[in-house]
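Participant: When the letters of the sequence shown are read in order and numbered with numbering that gives the first Met the number 0, they come out as residues 0 to 184.
Keep in mind that a hint or two might mislead.
Claimed, not checked - DSBU-like mimics (lysine-lysine), calculated; alpha carbons at most 30 Å apart, straight line:
hint, residue 1, residue 2
1, Lys86, Lys27
2, Lys71, Lys22
3, Lys25, Lys86
4, Lys22, Lys86
5, Lys27, Lys104
6, Lys104, Lys86
7, Lys25, Lys104
8, Lys27, Lys71
9, Lys71, Lys104
10, Lys86, Lys71
11, Lys104, Lys22
12, Lys71, Lys25
Said to hold, decoys possible - Between beta-carbon pairs, the in silico distance windows are:
hint, residue 1, residue 2, range
13, Asn139, Asp88, 52 to 62 Å
14, Leu142, Ala106, 55 to 65 Å
15, Glu72, Asn42, 47 to 57 Å
16, Leu40, Gly65, 11 to 21 Å
17, Lys104, Lys71, 44 to 54 Å
Rather than coming from a laboratory, the hints here were simulated on the basis of the structure.
By construction, the Cβ of each residue, glycine as well, lies at the ideal position given by its N, Cα and C atoms.
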Amino acid sequence: MPNKNPGGRKFRRSKKFGGFREKDLKEKEHGQKYGLLTNALGNMRFECLCDDGVVRLAHVPGSFRGRYYFRKEDHVLVSIRSFEQSKCDLLHRYQEEHVRLLTSKGALDAIYAKEQPNDEDMIELEPEHVMDTEIDTPMNLLLQEEDSDNSDEDSDNSDEDASNKPEIHGKREENFYESEEFLKL
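Could you build all of it, start to finish, from the sequences and the hints given here?
Facilitator: Structure (structure tokens):
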């Protein structure tokens, strides 16, 4: 007799499976720091910016390999080694909703303060000191030619001599649109 349910013999078993269960938020304890993975170095090692402002070498323990995947800019909980202060071990990777909870509590503010550049290092230029630079391209030279022609016509209409034609790269051009420079564009 054929099975009445679609999906095969094990269809009813999979129906009883419990769904997604939300994990508890792990907070730091003594000897632990919040961190941000800034760079992947390979061989399961990362550069980690800790909440005390120190960049440490973070190591993924063997129990996490193949089970958890760490990426650049992940928020993590690390344990600093007592015998090597420049190295730490990864304990936990936070999911996005946990990161939002930690930022709302203010726990990750120290990391973001160290990550942003200082305003003292920034140099602001006032508009008076910014120079307008134009690159001499054939199109810019053509626009300059038209501007100079318009200004020459306004000032003196009688002086229309061949000597008023602009020089492009040291040559006098009779017709710019037939020149080799325009054809290269």
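Participant: For each hint, tell me whether it holds in the structure or not.
Facilitator: A quick look at each hint next to the structure:
no. : hint                        : in the structure
1   : Lys86 - Lys27               : holds (17 Å)
2   : Lys71 - Lys22               : holds (22 Å)
3   : Lys25 - Lys86               : holds (21 Å)
4   : Lys22 - Lys86               : holds (27 Å)
5   : Lys27 - Lys104              : holds (13 Å)
6   : Lys104 - Lys86              : holds (27 Å)
7   : Lys25 - Lys104              : holds (13 Å)
8   : Lys27 - Lys71               : holds (21 Å)
9   : Lys71 - Lys104              : holds (23 Å)
10  : Lys86 - Lys71               : holds (17 Å)
11  : Lys104 - Lys22              : holds (18 Å)
12  : Lys71 - Lys25               : holds (20 Å)
13  : Asn139 - Asp88: 52 to 62 Å  : holds (60 Å)
14  : Leu142 - Ala106: 55 to 65 Å : holds (58 Å)
15  : Glu72 - Asn42: 47 to 57 Å   : violated (19 Å)
16  : Leu40 - Gly65: 11 to 21 Å   : holds (19 Å)
17  : Lys104 - Lys71: 44 to 54 Å  : violated (24 Å)
Of the hints listed earlier, those the structure fails to meet are numbers 15 and 17, in rising order.
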